Every structure is written in C-alpha cells, then in structure tokens.
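As a plain string of letters, each chain reads:
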Amino acid sequence: MSESPVLESRDVTVSYGGRRPVHAVRGVSIRVERGETVALVGESGCGKSSLARAVVGMERIGSGTVLFDGEPVPPLGLRTRKNTGIQMVFQDPNTSLNPRRRVGDQIEDGIAAATARGLAGSSAGDWLERVGLPAASVSRYPHEFSGGQKQRIAIARAIAARPRLLVADEPISALDASTQSSVAALMKDLTRELGAGMLFISHDLAVVRRFADRTLVMLAGEIVESGETARLWAEPQHPYTRALLAAIPEPDGSGRIPASPSAEERRSWL
Amino acid sequence: MSRDAVLSISELHISIGRPLVTGISLDLYPGRVTGLAGESGSGKTLTSMAVLGLLPRGARVTGSIRCGDTELVGADRRTLSAVRGRRVAMVFQDPSASLHPQLSVGVQLTDHVRRHLGLSRRAARQRAVELLERVQVPEPEAALARYPHQFSGGQRQRIAIAIALACDPEVLLADEPTTALDVTVQAGILQLLHQLAEERQLAVLLVTHDLGVMSAIADEVAVMRAGVIVERAPRAALFSAPQHPYTRQLLAALPGSRLEEEPDV
Chain A
-1 MSESPVLESR
9 DVTVSYGGRR
19 PVHAVRGVSI
29 RVERGETVAL
39 VGESGCGKSS
49 LARAVVGMER
59 IGSGTVLFDG
69 EPVPPLGLRT
79 RKNTGIQMVF
89 QDPNTSLNPR
99 RRVGDQIEDG
109 IAAATARGLA
119 GSSAGDWLER
129 VGLPAASVSR
139 YPHEFSGGQK
149 QRIAIARAIA
159 ARPRLLVADE
169 PISALDASTQ
179 SSVAALMKDL
189 TRELGAGMLF
199 ISHDLAVVRR
209 FADRTLVMLA
219 GEIVESGETA
229 RLWAEPQHPY
239 TRALLAAIPE
249 PDGSGRIPAS
259 PSAEERRSWL
Chain B
1098 MSRDAVLSIS
1108 ELHISIGRPL
1118 VTGISLDLYP
1128 GRVTGLAGES
1138 GSGKTLTSMA
1148 VLGLLPRGAR
1158 VTGSIRCGDT
1168 ELVGADRRTL
1178 SAVRGRRVAM
1188 VFQDPSASLH
1198 PQLSVGVQLT
1208 DHVRRHLGLS
1218 RRAARQRAVE
1228 LLERVQVPEP
1238 EAALARYPHQ
1248 FSGGQRQRIA
1258 IAIALACDPE
1268 VLLADEPTTA
1278 LDVTVQAGIL
1288 QLLHQLAEER
1298 QLAVLLVTHD
1308 LGVMSAIADE
1318 VAVMRAGVIV
1328 ERAPRAALFS
1338 APQHPYTRQL
1348 LAALPGSRLE
1358 EEPDV
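So the protein lines, in turn, are chains A and B. Residues -1 to 268 in the working numbering are what the first sequence lists, from first letter to last. Residues 1098 to 1362 in the working numbering are what the second sequence lists, from first letter to last.
Next up, chain A with everything else stripped away, as it sits in the complex (with noise of 0.2 Å):
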C-alpha cells in the first residue's frame, strides 16, 4: 500500500458526443507519488482538463483505470466526495466560493471531510493563516477579499479537507503575475507537508518550471512528453516541447518576438 502512487491511470480515454465522437483523451497513463507536485501542461483544447476531471472521477472514462492509492475511482457524486481524500482547486475561485457564506464556514467544510474520514480536528482560522490571511478573517464573505486572496480562501479549504490527493485546474491563471508564484509555492508546501501529492495543470510552462517535480506535456488527448522538470526544460525532446518553451516570450527587454511555429510544424507535431 505505501509503495503505490497516490494516483496511477492506465491507458484513460475520454470521449465526448454520439456519433462522431470527440476524443479528448487518447491513452494517457499518469502517476503521481506522495509528496510529489506533477504539473500537467498543454494548450486549450487539449485534453488537459479532461484528463483532470476523469482521474477525479468527474467525467466518465470511456476505457482504461484510475487508481487512488491503489484502489479503483469511484464516480463522484456530490454526497461521497466527502470521504474520498481528493480535493480540486479551479481557476476561478468566485466561482467555487459561495459568496453568501462566511468564509470561515466554508473551510470548517473541509475540515469535516477531514475527520470524517477520521482524522483529527483542526481550525478555520489556523488555515487561513497558514496562507497567510488573518485569522480574524474567518466571519467575513468572500467579497471583501481580492482575487488572489480569495483563490487562497478556497485552498485553504481545499487543504484544510487534508487530501492525500489535490488536483488543481488553472489554480493561478486569474491572478496577477505577482502572486502567482507565491501562490504556486505556497499549494506545493502545503501539500507536501500533508505528504499529498499534487496534479497541477496549466497552460503556463514558464509558471510550472519554478515549482514542479515533474511536468507532463499534453497535446490533442496524448502525453507527448514527459520528464523531471528541469530536465523537460533544459532538453526538450518532442518538436512540441520544443515549440512551446520557444514560443515562450522572456521578460529580457531583447525585443525579440518568439518564433511562431508553421502550420505544417503544427502538423508534423501530430
């Protein structure tokens, strides 16, 4: 049991649509180990999300498995999400944040995930300053906080659920460019220090290569590439690899305008 990963799928596919169906993802076996940050990167429209959805058992896998820690992913209905030790982060925390309760109720939320799968109790206010907002902030709504603050509202609860598993969806792609590395570092710590192991997607390398063990790089439903992340960075291998990291604009002051691939590179990509 300790020397499986936190998550393995084998050969998932995801497809959408009757009779002339979409498939989002093609094959794609993943691991994430204890403790470890797996960033998942790719453009829009590549299955990234899918993929996120599907290995959290909120999308229907047309074939292959998903294991956490193990064991087989059960559906997800809204009532068993409880007890499952998986939590998601999304892009937009207005949308995940109900913006009529308290925040501090909605991490005592997590917490009951947390001891209901028997662990101990812990408080509101503590995981509020564990991501660095007063604790004091608990009896106040979600409004009164700015977009980078409330994105750590809802990983403050999304933590405070102690998941082995979080899988987080754009979790900084609405925030400043200033706060998003801090918030990126600060997800990684804390889920290492719960010894959770994290699958963080993105369409953002420059981002990801600050913080992530190992990055995936998906295009049209496949893991084309994969590898430690300095490793990815330094030696891209695959063409798309490649493309990306180049057309990857550096804040130099060069004036040099990244290289756009050719639709015939874009072709021989696939």
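Worth flagging that the hints you see were computed from the coordinates, not collected in a lab. Keep in mind it's a predicted model, so treat the numbers as computed, not measured. The beta-carbon is built from N, C-alpha and C at its ideal position, and this holds for glycine as well. Be a bit skeptical, because a hint or two may be false.
Chain A side only, calculated, beta carbon under 10 Å to chain B, not exhaustive [to be verified]: (1) E41; (2) P97; (3) R98; (4) L117; (5) G119; (6) G123; (7) S144; (8) D174; (9) D202; (10) L242; (11) A245; (12) P247; (13) D250; (14) G253; (15) I255; (16) A261.
For chain A, the structure is supplied; the task is to place chain B on it using the hints.
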C-alpha cells in the same frame, strides 16, 4: 504635446466614484509600440478606454487626449464617432466579444469601411480580402462568408485586427490582445502587430500585464500602478535597469527575467 506624436494624453484624470487614474501623460508615435504595463486595477484599461470615450457613464474625466488637432476629452458623439475606427481603432482581449457572432466576417469587415471611407460594395470587398490576406487568415475569399465561431481563437483575433485596420487608422489601441491565446498562437499575433506598426506607421498602445509580451514588441514601456505611471523607459533600459521598486518587484516575480528571484521551493 511633442510635435510628431499622433496621440497625446496629458494630465489625464479619471474618477468613477473615487479617483482611479490620476495624472497620466503619454505620447504615441507613428511606427512605435508604446507599452502600458500594470496589474489588475492599476487603471491601464481605463486609460485606453478613455481615448475612445468608452468609459462607463458616471465617469469623470479631466485633462486632455489629443488626436492630431482633435480634443477627445469631453468631445461630443459626432466628434468621437468620426475618430473611432477611422483614426483610432481598438483590439480587445477576447476576440469573441469584439466580433458579432451572427454577422459574417465579410459584413463586419466591409460595413464600416463603406461608411467611413465611402467605398463601393465591390471595392470594400476587395479591401476586405486584402486585409485578411495581410493578417494571414487562410483562404480570405472563403473566410468572408464564414462566421466568427468557425474560426479558432487565434484566427478570430487576426480577424479582429483586420477589422481594426480596415479604415487605415493612425492609432491602434491593443488591450491584452494575446492574453486569451495559447502561447504558440500568441507568438504569431505579436509578430503581426510588430510588422503592422512598422509597415503602416501605426502608433500602437499595447496594454498588458504580461512583461514577456512587452519585452517582445514594445519600444517604450510605462509601468502603471494605482492610477499613476511610476516609471517609463525605453524597453531595454526598463528590463535591464528598472529604477522604481515596483517595477523591480514585478520583474522579480517573473520566471526568466534577469531579476528573477530563486524559487523558494
């Protein structure tokens, strides 16, 4: 106002209930990309909206925005509509919001050309094809008959740029033009904007929070924070030797900048 500026903003103040932009001055020059950088809430978008009189009702604007001899602050509708699209055009972050979903690309490209420039239907169509060719939309003839949803996000932004250029404006306001796009698509749009500025001698105001994008195509960058420009410098100087602590802080937070702090993880 300096002599060759095509658009000159001076001492611009905007308040909506409370002061949001306080004393901005900025000149735009032909063939040059001027960057306005800042985080959300800094007032950079309000500044660009003020140029075209697109601020919400109840906004109080003082100061001056001059386009040639025309004063735009406090201008009446007729003056503004003669300037909008014709002399100053705009491209927004979300091309699906700036294109009309129920009108074909052809209609959207020819309508205002015919009105503003008085071209015949045929001449307008010819011009539309040329514009689509210029922004590298494949099969421009066929594209005219298609609708925005039939194009990818990057193609839609190219079409929005073509529409903006249709009346040969002197000034292009580009507000986060690549923020909604994938990075490989963004690169193509940045190249296009850079080329257009040069070949058409367009004065471009590039509003973005993304300093990587700034570094790629802006000639000069103004950094805005809480309604004020805290620093302004030519691109190379801003990135290699930022003077204001806020600029330094922004750069330090960025992966890949010279001032990048070591990740603390």
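Verification of the hints:
The beta carbon of E41(A) comes within 4 Å of a beta carbon in chain B, closer than 10 Å, and the hint placing it at the interface holds. Given hint, P97(A) at the interface with chain B, is violated; its Cβ is 19 Å from that chain's nearest Cβ, farther than 10 Å. At its closest, the beta carbon of R98(A) sits 24 Å from a beta carbon of chain B; the interface hint therefore is violated under the 10 Å criterion. Interface hint at L117(A): violated, since its Cβ lies 25 Å from the closest Cβ of chain B, which is beyond the 10 Å cut-off.
Annotation: interface hint on G119(A) violated; nearest CB of chain B at approximately 29 Å, more than 10 Å. A distance limit of 10 Å between C-beta atoms decides the matter here; for G123(A) the minimum to chain B is near 25 Å, and the interface restraint is violated. Given the 10 Å rule on beta carbons, the hint for S144(A) holds: about 8 Å separates it from the nearest Cβ of chain B. Restraint check, D174(A) versus chain B: the minimum CB separation of about 4 Å is within 10 Å; hint holds.
At a threshold of 10 Å, the smallest CB-CB gap from D202(A) to chain B is about 8 Å, leaving the interface hint in force. For L242(A), the shortest C-beta to C-beta distance to chain B is roughly 6 Å, which falls under 10 Å, so the interface hint holds. Checking A245(A) against chain B: minimum C-beta separation of about 4 Å stays under 10 Å; hint holds. The interface hint given for P247(A) holds, since its Cβ lies 4 Å from the closest Cβ of chain B, which is under the 10 Å cut-off.
For D250(A), the shortest C-beta to C-beta distance to chain B is roughly 6 Å, which falls under 10 Å, so the interface hint holds. A distance limit of 10 Å between C-beta atoms decides the matter here; for G253(A) the minimum to chain B is near 6 Å, and the interface restraint holds. Hint status for I255(A): holds, given a least beta-carbon distance of 5 Å to chain B, under 10 Å. For A261(A), the suggested interface contact is upheld, since its CB lies about 8 Å from the closest CB of chain B, less than 10 Å.
Hint violations for this structure: numbers 2, 3, 4, 5, 6, all remaining hints satisfied.
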